[in-house]
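There are 2 protein chains.
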Amino acid sequence: MSRPLRIGIAGLGTVGASTARILQQKANAIALKAGRGIVVTGVSARSRGKDRGFDLGGMAWFDDAANLAVSDDIDVFVELIGGANGPAKAAVEAALDAGKHVVTANKALLAEHGAALARVADEANLAIGFEAAVAGGIPAIKTVREAATANTVNRVFGILNGTCNYILTRMEDEGLEFDECLKDAQALGYAEADPTADIEGHDSAHKLALLAAIVFGSEVDLNSIYLEGISAISQDDLRAADELGYRIKLLGVAQQTEQGIEQRVTPTMLPKSAPMARVSGVLNAVAVDGDAFGEITMVGAGAGGDATASAVISDIIDIARGRLTPVFGIPAASLSPVNRSGMQTHAGAYYLRLNVYDRPGAFAGIATRMAESGISLESIMQKGRGDTETGKPLPVTIITHNTMEEHIREALARIEADGHIEGRPQMIRIEKA
Amino acid sequence: MSRPLRIGIAGLGTVGASTARILQQKANAIALKAGRGIVVTGVSARSRGKDRGFDLGGMAWFDDAANLAVSDDIDVFVELIGGANGPAKAAVEAALDAGKHVVTANKALLAEHGAALARVADEANLAIGFEAAVAGGIPAIKTVREAATANTVNRVFGILNGTCNYILTRMEDEGLEFDECLKDAQALGYAEADPTADIEGHDSAHKLALLAAIVFGSEVDLNSIYLEGISAISQDDLRAADELGYRIKLLGVAQQTEQGIEQRVTPTMLPKSAPMARVSGVLNAVAVDGDAFGEITMVGAGAGGDATASAVISDIIDIARGRLTPVFGIPAASLSPVNRSGMQTHAGAYYLRLNVYDRPGAFAGIATRMAESGISLESIMQKGRGDTETGKPLPVTIITHNTMEEHIREALARIEADGHIEGRPQMIRIEKA
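Sequence order for the protein chains is A and B.
For what it's worth, numbering that gives the first Met the number 0 labels the leading residue of the first sequence as 0, then goes sequentially.
For what it's worth, numbering that gives the first Met the number 0 labels the leading residue of the second sequence as 0, then goes sequentially.
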């Protein structure tokens with residue numbers, strides 16, 4: 000057996016502490032799988048004092064992560080500090096410059112600086128393991144980077160944020176509104192005090208950007224992802240979805256179209272029969288459509304200290320065994336710029352909810368605008384009655400046949416301008432299977 | 000870039016032809032992922048004549064697979080001949096002896112001779128890739144061998160045979176009996192002319208044995224798997240399952256119990272809410288319960304030329320990149336013998352269907368026998384009435400609370416001996432979630 004692989008862990012929050020603890024508790028079993036011992040020789044965190052459930056004995060303490068990153072006593076730098084810039088970025092860059100492999104759970108860092116970091120790592124034949132950055136314990140990165148290699152991938156998609164999925168599931172199951180579910184998610188620790196990154200889709204976008212880069216062999220390009228969060232989803236939408244045979248999920252989708260690569264994170268309606276429609280609560284799911292293996296769907300815990308540590312450790316063991324892979328599956332120098340396919344050419348069916356004033360000509364006007372834009376309708380549903388005297392509007396839900404998004408936007412803009420509806424129209428994309 | 004990796008393919012059926020074709024068609028994309036070219040330099044099959052959809056130019060032809068296996072012009076021997084013994088085994092042994100890596104889809108070979116072959120391969124630092132042997136395009140082997148490495152696995156289970164799942168799905172959806180669905184499966188090419196290996200569970204057992212060896216670090220031991228096929232499943236069972244909230248799947252389950260490792264392939268009732276209950280048709284599914292990552296479930300195509308070739312090629316690319324792993328995840332010399340936990344100690348709930356003669360004392364007698372064996376009942380369901388005069392028996396279905404299998408067997412044996420029931424009782428195990 001070779002000499003032990005020496006690990007430095009920067010950041011001893013839930014994931015860092017779980018990583019150190021599991022490496023200690025299962026040292027023998029892990030050494031058998033890794034072909035050598037794996038020892039944590041250095042750690043870095045803000046406060047030294049508290050008990051984190053593992054033995055700090057034999058570990059050097061670093062107040063500054065950047066010093067740990069270049070320590071002569073580590074072979075692998077595990078970055079669990081977080082944040083796209085600042086100390087995490089500086090430490091990872093320092094580690095690579097010093098010839099250390101890197102393992103990280105930092106999706107923001109890689110989504111923003113992945114191309115540059117990969118170039119450094121690939122040229123030096125160093126690993127940047129980031130299984131923990133996407134979908135927690137689900138081996139999504141390993142699957143797209145190592146298992147899908149014979150496939151031309153047409154689409155990768157998933158439920159990539161457990162907080163949003165928890166909120167949408169509660170809203171659906173219990174008929175609660177968004178704000179209430181968000182408060183519960185915060186109380187349970189599923190959502191941050193500032194929940195923006197989760198509920199506005201930024202966290203999902205980071206993960207999608209990494210998956211897309213690998214499956215399409217393109218540079219990570221966060222800016223080419225179209226983003227809508229879940230805060231505008233209401234009980235009206237969930238009830239209509241249920242009646243029409245759909246569920247609403249915050250879905251990240253990257254797909255090859257005739258125009259290029261379309262990437263979006265939006266609330267999306269899935270037919271109830273779709274496997275991902277049934278993924279509920281804090282679970283995550285990732286699916287890959289390949290021309291050789293068909294569709295592979297993976298479901299599991301997307302977060303949590305031990306699940307994420309499990310991904311960190313699997314990356315460490317790959318390094319210990321010498322199982323190295325270019326950061327994004329092919330050498331960074333061969334990654335192509337993203338040929339972005341914008342949302343105006345998105346093709347699909349749409350759910351629309353309009354609050355229509357109940358007055359003569361309103362319906363006809365709306366139907367005419369749809370027809371003018373070449374949109375054909377699969378179903379139209381109205382419930383109850385409006386009130387012609389008070390002018391109280393009537394909610395109308397429409398499912399369109401496949402069409403292009405620019406036509407939908409055009410029709411909705413004209414319908415708004417015609418003054419037939421109250422407020423903004425709601426529009427949710429439908430994803431088939 | 001290193002020199003090309005040279006591949007010899009023995010067996011040019013659907014999977015072999017797909018493998019050669021994809022390697023040719025995607026040569027450039029695959030070379031980027033593999034870090035070097037991958038070329039098929041030799042092939043072997045029964046007949047040379049027919050067009051298989053790829054260009055044989057530049058490939059040496061071998062009438063005898065064993066000669067291809069030791070050819071100086073190959074680095075990797077891809078065995079797609081099939082069969083646990085005979086030419087497949089001889090060729091794989093010859094390839095390893097000659098220092099060639101092996102990639103195979105042959106579950107029978109590895110389930111029966113895996114321990115011995117792994118010993119040879121691990122000592123010579125050669126790969127035996129067998130992703131294609133288990134669940135087709137689903138990266139089940141990669142997941143248990145490389146992604147689950149931080150976990151102590153408590154259970155691995157799955158729908159491992161598409162033929163059986165197709166038959167059970169048709170029976171359930173269309174109310175057809177087993178024989179009719181089997182005929183259709185044969186007509187569609189989903190089942191062999193001799194369907195025994197599929198419907199009696201042998202094929203699933205081979206796959207389960209391989210998964211179990213990896214997750215428990217134990218020698219492959221086909222003989223310790225308890226086996227029941229699906230041919231005794233009737234519409235009565237499917238209807239009762241549906242009413243009771245279950246679906247019936249042929250499930251392979253390997254789990255750690257207090258007594259050791261329990262391995263079984265049996266028709267199993269799953270709650271309709273369980274993710275795997277909804278895996279229908281020819282799809283396969285594999286789930287792993289680990290103490291760190293929780294439960295990971297993967298669903299996808301379990302068979303088919305391209306899906307299986309996708310797995311073969313991912314193994315080849317791992318070898319091209321030098322991503323080597325001991326055959327069963329830890330060195331073969333460290334695999335422990337299976338400490339078998341027999342079915343008599345299986346703990347779980349049971350579905351029982353008895354044809355009870357409608358006569359005084361029959362019910363009481365059955366209930367007494369259950370109570371004597373310490374079995375408590377969750378539900379009991381009878382439909383219609385028997386006929387005390389003609390003696391026509393009455394079907395009664397019972398769901399027990401958790402109990403041990405030896406108690407169920409004891410009670411059923413006594414009930415049979417008491418003469419209260421017609422024919423053999425039906426007994427199906429229930430798996431929670």
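These aren't lab readings, by the way, just hints derived from the structure by calculation.
These figures come from a predicted structure and were not determined experimentally.
In this text, a Cβ means the ideal position worked out from N, Cα and C, and glycines have one as well.
Some clues are possibly wrong.
Straight-line C-alpha distance at most 35 Å; calculated DSBU-like pairs for lysine-lysine [what the hints assert, rightly or not]:
| id | chain 1 | residue 1 | chain 2 | residue 2 |
| --- | --- | --- | --- | --- |
| 1 | A | Lys49 | A | Lys271 |
| 2 | B | Lys431 | B | Lys382 |
| 3 | A | Lys271 | B | Lys391 |
| 4 | B | Lys88 | A | Lys271 |
| 5 | A | Lys431 | B | Lys49 |
| 6 | A | Lys25 | A | Lys271 |
Not the full set, but computed from the structure, chain B residues with beta-carbon under 7 Å of chain A [to be verified]:
| id | residue |
| --- | --- |
| 7 | Gln24 |
| 8 | Lys141 |
| 9 | Ser313 |
| 10 | Ile379 |
Residues from chain B that face chain A, not an exhaustive set, calculated with beta carbons under 10 Å [to be verified]:
| id | residue |
| --- | --- |
| 11 | Thr148 |
| 12 | Thr151 |
| 13 | Ile316 |
Keeping to a limit of 35 Å between CA atoms, is the pair of Lys49 of chain A and Lys271 of chain A held or broken? This hinted pair is violated, its Cα atoms lying about 47 Å apart.
Answer holds if the nearest beta-carbon of chain A is closer than 10 Å to that of Thr148 of chain B; otherwise answer violated. holds, 5 Å
Check the hint pairing Lys25 of chain A with Lys271 of chain A against an upper bound of 35 Å on the C-alpha distance. Answer violated: Lys25 of chain A to Lys271 of chain A is near 41 Å, above 35 Å.
Grab the minimum C-beta distance from Ser313 of chain B to chain A and call the hint holds if it beats 7 Å, violated otherwise. holds, 5 Å
Given the hinted pair Lys431 of chain B and Lys382 of chain B, is their Cα-Cα distance within 35 Å? Holds: Lys431 of chain B and Lys382 of chain B sit about 26 Å apart, inside 35 Å.
Check whether the Cα positions of Lys431 of chain A and Lys49 of chain B lie no farther apart than 35 Å. Violated, at roughly 39 Å.
Does the nearest C-beta of chain A fall within a distance shorter than 10 Å of the C-beta of Thr151 of chain B? At 7 Å from the nearest chain A Cβ, Thr151 of chain B passes the 10 Å test, so the hint holds.
Restraint outcome when Ile316 of chain B is required to lie within 10 Å of chain A by C-beta distance: holds, 5 Å
Proposed interface contact between Gln24 of chain B and chain A, which counts if any beta carbon pair is under 7 Å: violated, 9 Å
Is the Cα-Cα distance between Lys271 of chain A and Lys391 of chain B 35 Å or less? violated, 43 Å
Min Cβ distance, Lys141 of chain B to chain A: is it shorter than 7 Å? holds, 5 Å
Can the restraint linking Lys88 of chain B and Lys271 of chain A be considered satisfied, given a maximum Cα separation of 35 Å? With a Cα-Cα distance of about 47 Å, the restraint between Lys88 of chain B and Lys271 of chain A is violated, given a limit of 35 Å.
In summary, the structure is inconsistent with hints 1, 3, 4, 5, 6, 7 and 10 from the numbered list given earlier, while agreeing with the others.
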